[in-house]
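Undergrad: Chains as they are written, first to last, in our numbering: chain A, 228 to 712; chain B, 228 to 712.
Since the hints were derived computationally from the structure, they do not count as laboratory data. Warning: the hint list may mix true and false statements.
Note that the list lumps identical chains together, so a pair holds whenever it fits in one copy or between two copies.
Said to hold, decoys possible - Pairs of lysine to aspartate or glutamate residues, derived as EDC-like cross-links and limited to a Cα-Cα distance of at most 20 angstroms, are as follows: (1) Lys664 / Glu675; (2) Lys470 / Asp560; (3) Lys574 / Glu343; (4) Lys664 / Glu557; (5) Lys573 / Glu345; (6) Lys454 / Glu235; (7) Lys574 / Asp637; (8) Lys573 / Glu339; (9) Lys470 / Glu435; (10) Lys454 / Glu667; (11) Lys454 / Glu339; (12) Lys535 / Glu517; (13) Lys458 / Glu302; (14) Lys664 / Asp641; (15) Lys530 / Glu518; (16) Lys634 / Glu665; (17) Lys574 / Glu345; (18) Lys664 / Asp383; (19) Lys573 / Glu343; (20) Lys458 / Glu345; (21) Lys292 / Glu710; (22) Lys470 / Glu442.
There are 2 protein chains.
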Amino acid sequence: MAWDPALEAAFHPKVVAMVGISSDARPGMRRGPGGANFIISYEQLGFKGRIHPVNPKATEIMGRKAYPNVASIPEPIDLVVVSVPAQALPEVLEDCIAANARNIHVFTAGFEETGEAERIELGHRVREIAERGGLRIIGPNCMGLYIPSGGVGSFDRLPQESGPVAFVSQSGGHLNWFSHYGQNYGIRFSKAISFGNAYVLDSTDYLEYFATDPETGIICMYLEGVKDGRKLLQQVRTINRVKPIVLWKAGLTEDGTRAVASHTASLAGQEGIWRGFFTQTGAVPVQSLEEMAEMAMTFLYVKQPPGKRVSVIGLGGGTSVASADVCNREGLDVPALTEETQAELKKFIPIAGSSVRNPLDTGLVFRNINDLQREVELVTTDPNIDMLIIRPHLDMVSAGDSEDASKVIDYLIDICRNNPHGKPVVLVFHSFSNDPKELEVRLRLQVELPGQGIPVYSSLNAACRALFRLYEYHRFQKALTTENL
Amino acid sequence: MAWDPALEAAFHPKVVAMVGISSDARPGMRRGPGGANFIISYEQLGFKGRIHPVNPKATEIMGRKAYPNVASIPEPIDLVVVSVPAQALPEVLEDCIAANARNIHVFTAGFEETGEAERIELGHRVREIAERGGLRIIGPNCMGLYIPSGGVGSFDRLPQESGPVAFVSQSGGHLNWFSHYGQNYGIRFSKAISFGNAYVLDSTDYLEYFATDPETGIICMYLEGVKDGRKLLQQVRTINRVKPIVLWKAGLTEDGTRAVASHTASLAGQEGIWRGFFTQTGAVPVQSLEEMAEMAMTFLYVKQPPGKRVSVIGLGGGTSVASADVCNREGLDVPALTEETQAELKKFIPIAGSSVRNPLDTGLVFRNINDLQREVELVTTDPNIDMLIIRPHLDMVSAGDSEDASKVIDYLIDICRNNPHGKPVVLVFHSFSNDPKELEVRLRLQVELPGQGIPVYSSLNAACRALFRLYEYHRFQKALTTENL
Chain A
228 MAWDPALEAA FHPKVVAMVG ISSDARPGMR RGPGGANFII SYEQLGFKGR
278 IHPVNPKATE IMGRKAYPNV ASIPEPIDLV VVSVPAQALP EVLEDCIAAN
328 ARNIHVFTAG FEETGEAERI ELGHRVREIA ERGGLRIIGP NCMGLYIPSG
378 GVGSFDRLPQ ESGPVAFVSQ SGGHLNWFSH YGQNYGIRFS KAISFGNAYV
428 LDSTDYLEYF ATDPETGIIC MYLEGVKDGR KLLQQVRTIN RVKPIVLWKA
478 GLTEDGTRAV ASHTASLAGQ EGIWRGFFTQ TGAVPVQSLE EMAEMAMTFL
528 YVKQPPGKRV SVIGLGGGTS VASADVCNRE GLDVPALTEE TQAELKKFIP
578 IAGSSVRNPL DTGLVFRNIN DLQREVELVT TDPNIDMLII RPHLDMVSAG
628 DSEDASKVID YLIDICRNNP HGKPVVLVFH SFSNDPKELE VRLRLQVELP
678 GQGIPVYSSL NAACRALFRL YEYHRFQKAL TTENL
Chain B
228 MAWDPALEAA FHPKVVAMVG ISSDARPGMR RGPGGANFII SYEQLGFKGR
278 IHPVNPKATE IMGRKAYPNV ASIPEPIDLV VVSVPAQALP EVLEDCIAAN
328 ARNIHVFTAG FEETGEAERI ELGHRVREIA ERGGLRIIGP NCMGLYIPSG
378 GVGSFDRLPQ ESGPVAFVSQ SGGHLNWFSH YGQNYGIRFS KAISFGNAYV
428 LDSTDYLEYF ATDPETGIIC MYLEGVKDGR KLLQQVRTIN RVKPIVLWKA
478 GLTEDGTRAV ASHTASLAGQ EGIWRGFFTQ TGAVPVQSLE EMAEMAMTFL
528 YVKQPPGKRV SVIGLGGGTS VASADVCNRE GLDVPALTEE TQAELKKFIP
578 IAGSSVRNPL DTGLVFRNIN DLQREVELVT TDPNIDMLII RPHLDMVSAG
628 DSEDASKVID YLIDICRNNP HGKPVVLVFH SFSNDPKELE VRLRLQVELP
678 GQGIPVYSSL NAACRALFRL YEYHRFQKAL TTENL
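Working from the sequences, and respecting the hints, build out all of it.
TA: Okay, structure coming up:
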C-alpha cells in the first residue's frame, strides 16, 4: 500500500460514526474503556467534525441524534469506531459495507487471543467480511487513534498539543501511558496508533504512512508480532535514515511469547532473528516505555555527539566510581581529562575531598555559579571529551544563596540548549536528602525542564543508555553512507 | 582481630573529642561537611555523652569548653573525631597517643587519593604513627559513623530509630544517601560506617564485629577495594549463612577502576575474581544504592518463596507481555495457571479484553474488593505458583468507589504481611494517568508502606530482581547445608 489518502481521511475525519454507545451514556461517566469514552475524548481534544452515535435502542445519546445503523447516517463517513460485543461485530461490518464506510476502528476484543475455538472462528469470519468489503480495519482489540491535530483520541484528558513524535503500538495500555507521560519527557505526538490484532492494517502500513507524513519526525514502535517481517526490515532500514525509529519488540522471552498469544495472538518470533533485525536496520532498540520515552526525548533535544567519550560532573567519590562503572557498562568511555585541563581546574577546586580527573567530584561548584561556568567551559573544551553529563546535587544547589541557586539552574538550562563547543550537555538531578520539599523540587525540575527542550534523565543509567544509543544511531547512519559511496 | 571491646566503646562512646572545629562554629551553620557538623549531628541524634571541642585558638565552641589539645582533656576519651587539614593530621595523632585515645575517626582527606607525591608521603607518615601508637583509625577520608543507638552521626537530620541493618561503606556519600533514603524502604540501621582509605580498620574488621553484633541481622556493604581478599571471602561465606550479606563491589570496569584510585586509592581488583567471590560466598550482588536498599527491604519483609515461579496480577495486555519478558530476563518463571484455576477465574472475569493465564490482565479487580480477594486466593493456592507480584493500577483503584478503594489498599497490605499459603506477595504500583494528585498518592504509598513492613518496589524490574536474588540466596544456603551433611 502506497501513501493512502483514505488513511489521511481516517486520521483527520470530518464525520465519525460511533457504534455501540450505551443509550444511557452521559458526559463525565467513568466505566470501562471504549463506548462513550471515545465521544468524551474527542470532545476534550476539540474535535471539529460531526459525531453520529449508532444504537438501534436510542434516539438521542449525549445530545446527539442516534441512528439505528451506520447505513442510515445521511452523509459520507470518514471513520467508524466500533465498541459492540464481539458476537455483534460481523453484523456491524456488513452495515459499514452497506454504508460505504471503509475506515473502521474496532475497539471490540474477544477473538483468537482468548484461545477459545468459537472465538477463533468468529475472528476468521470478521477477516473474511473485511476482505470482501475492502475495509481498512484498525484493530480489532485496540484503543485506536490519538491524533491531537485531528481532535481524535481514546483516553481521558489527553494533551491537546501536537508534536513530531509518532507512536505505532500493538498495545492500548502502552498508548495510554505514553500519550499521558510523554509530556514529562518533552514529547508531543503527531499521531499515535494502537492497532491490536492487526486484521487488515499492520505496523508496516502505518509505518509507510509515517515515512512521508510531514507532521512526523521520529517514530516509536511497540510490536508484539509482525505479519511481513521482510517488508518491515526493508522499511525500517530506509525510513530510519531520515526519521529515527525507536522500536520495542516485546515477547521475546519464553513466557513473553506465551503472553503475546494471550494478548494480540501474534507470532512473537525468535530473539536471534530480532537481534539480526536491529543489526541490519540500525533501529534503536528499547525494552520499556520509559526507555522509549527517554530515547524520543534524546532524539528531540540532544545534538549528535562527536564521539562517545563522556565527562560526568557530580558530587561524591563513591558516586564518581559508580558513575564510571555505569558509563562503561552502557558503552561510553570516561577518559581522564587532559593534564592541562586538570591543572586549570586545580586552580579553583580544593584538592582534598575532590577529584578533577573524570568523573569530576566537585560538588561545591553547584553552590557557585562562577566556578560552575569555569568548570563546564574547561571540560567542554577538553579534546578528550565528546559530551557532558551534569548531576546537579540539589542539596548543594539549595544550600547556597537562593539567588545563586536560581542562577545555577538557569545556567544549566542554557548550556543544555546551546551544546557548548558542539558537545551535548544533559542533566541528571541527584539528592542525598529525603526532605519531601527537596523531592518535590527534584520531581518538578525533572518533569518541567524536558517540556522546555532540556534533556533531563531519571537516572545516570538512563542518560548513558540514551546517549550511547544516540551515538550508535549516528555511527550506523554514517557507516551506511560510506557503504553506499 | 576477634570481637573488640574497644570498637564497642567507639560505637557507643561516653566521651568524644572533636578536633578541628572552627572557633566561630555555631548551631545551624551550613558549610562543607565535617567539623561542627559532627557536633550538630550528634546533638540531633540525642547523644547522651560529653563532646569536647579541641581548638588551640578558642576557649569555647558552641557552648562547650574548648581544649587546646586532646591530651589536656581531663577524662578518658572513647572516640576522637578529626577534621583538621591533612598536613596537621600527624600532630593530632601524636596528641591522641599522648592522651591514650585510641579510637580515631579521621574525616580529613587529601592523601594518596590525590595522586600527588607529597601527599602520598604524608599518608605513609600517618600510617606509621597509627601503627606505632596502636591507633584504631576509621578512615582517613571518610564520614565515619552513624549509630542511632549511640547518638553518633555525621549528617544533618538522620533518623533516630534503630533497626537490624548494618552498612559498611567505603563511601561517605553512599552512607549519606542510604541512611536518609533507607527509611523509604522500611530500613532502620544498627550501625552504618563509612571507612574511606582504611589505613587501619578495613571492611573485614567491621564485618567481624557485625558477625556477633546482636543489633545486626542484615549486612550491606559498599566496597571499592579490600586488603585481605581471602579473609573477606571466608568471612562472608560464613557470616552470610546467618546474616544475609548484600554486597556492592564498585570499580570493576576499566574507568571505574581509575575512579577508585581517585577516590579511596584502593586496588579495585578484576571483575572475574569478584565473580568467583560471589559464586563461592553466596553473597547477594547489587550494583547501586537503590538495588541495595531494595534487597535489604526484601530480606526484612519478604518470606522465603518455595520456588521461583511467579504470578503477576495487573492491567493491560501489553503490560502483561512486558511483565513476562521482565520476569524471565530477571530469572523468574511465569508459568500458566492450572486449567482448574483458569476455569474458576473465568467465572467472574470477563473473557474479552482480559487474560487469566499468567500474567493476569484483570484490571477491573482493583475496583472490586470481592473479586480481588477471590482472584488472589485462587492464584496463591495454584500449585504452579510460588509467589505473587501485584501491580495495583491506581487509575482503577481511584476510579472505583472511594470506600472500596481504601478497602483494596487495606487488603493489599494485609496479604503482603500474611504471605497467604506460604507464598510471598509484593506490590508494584502502576498508573497511566499523569495527574499530579495521583502521582502524589503513588509516591506516598511507595514511601510509606515499606515503613509498615510492606514490600513495595519502584518497578517490576526491581521487584523481580530482588525476588530472584532472595530465591537464589536461600537456594545457595540449602545447597551448602546439603554439601555439609
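Undergrad: Work down the list of hints and note, for each, if the structure agrees.
TA: Taking the hints in turn, this is what the structure says about them:
Both within a single protomer and between protomers do Lys664 and Glu675 lie at most 20 angstroms apart by alpha-carbon distance, with minima of 16 angstroms and 16 angstroms respectively. When the C-alpha separation of Lys470 and Asp560 is checked against a cutoff of 20 angstroms, the pair qualifies neither within a copy, at 27 angstroms, nor between copies, at 38 angstroms. In this homomeric assembly, Lys574 and Glu343 come within 20 angstroms of each other (Cα to Cα) only across copies, at 15 angstroms, whereas the closest approach inside a single copy is 74 angstroms. For a Cα distance limit of 20 angstroms, the shortest separation of Lys664 from Glu557 qualifies neither inside one copy, at 32 angstroms, nor across copies, at 34 angstroms.
In this assembly of identical chains, Lys573 and Glu345 lie within 20 angstroms of each other by CA distance solely across copies; the values are 16 angstroms between and 76 angstroms within a copy. For the identical chains of this complex, Lys454 and Glu235 are neighbours neither inside a copy (23 angstroms) nor across copies (69 angstroms), given an alpha-carbon limit of 20 angstroms. When the C-alpha separation of Lys574 and Asp637 is checked against a cutoff of 20 angstroms, the pair qualifies neither within a copy, at 25 angstroms, nor between copies, at 59 angstroms. Proximity of Lys573 to Glu339 under the C-alpha cut-off of 20 angstroms is restricted to the inter-copy arrangement: shortest distance 16 angstroms between copies versus 68 angstroms within a copy.
Taking the closest pair of Cα atoms, Lys470 and Glu435 come within 20 angstroms of each other only inside a single copy of the chain (12 angstroms); across copies the shortest separation is 59 angstroms, beyond that limit. With identical chains, the CA atoms of Lys454 and Glu667 are never at most 20 angstroms apart, being 46 angstroms at best within one copy and 42 angstroms at best between copies. Proximity of Lys454 and Glu339 under a CA criterion of 20 angstroms is satisfied intra-copy only: 16 angstroms inside one chain copy versus 62 angstroms between copies. Taking identical chains as interchangeable, the C-alpha atoms of Lys535 and Glu517 are never at most 20 angstroms apart, the minima being 22 angstroms within one chain and 26 angstroms between chains.
Taking the shortest Cα distances, Lys458 and Glu302 never come within 20 angstroms of each other, neither inside one copy (37 angstroms) nor across copies (84 angstroms). With identical chains, the CA atoms of Lys664 and Asp641 are never at most 20 angstroms apart, being 25 angstroms at best within one copy and 30 angstroms at best between copies. With identical chains, the CA atoms of Lys530 and Glu518 are at most 20 angstroms apart within one copy only, with a shortest distance of 18 angstroms there and 32 angstroms across copies. Within a single copy, Lys634 and Glu665 get their C-alpha atoms as close as 18 angstroms, which meets the 20 angstroms cut-off; across copies the closest is 32 angstroms, which misses it.
Only between protomers do Lys574 and Glu345 lie at most 20 angstroms apart by alpha-carbon distance; the minimum there is 18 angstroms, versus 78 angstroms within a single protomer. Within a single copy, Lys664 and Asp383 get their C-alpha atoms only as close as 30 angstroms, which misses the 20 angstroms cut-off; across copies the closest is 15 angstroms, which meets it. Proximity of Lys573 to Glu343 under the C-alpha cut-off of 20 angstroms is restricted to the inter-copy arrangement: shortest distance 12 angstroms between copies versus 72 angstroms within a copy. In this homomeric assembly, Lys458 and Glu345 never come within 20 angstroms of each other (Cα to Cα): the closest approach is 32 angstroms inside a single copy and 67 angstroms across copies.
When the C-alpha separation of Lys292 and Glu710 is checked against a cutoff of 20 angstroms, the pair qualifies neither within a copy, at 61 angstroms, nor between copies, at 78 angstroms. Taking the shortest alpha-carbon separations for Lys470 and Glu442, only the intra-copy value of 11 angstroms comes in at or below 20 angstroms, while the best inter-copy value is 59 angstroms.
Comparing the model with each earlier hint shows violations of hints 2, 4, 6, 7, 10, 12, 13, 14, 20 and 21; every other hint is respected.
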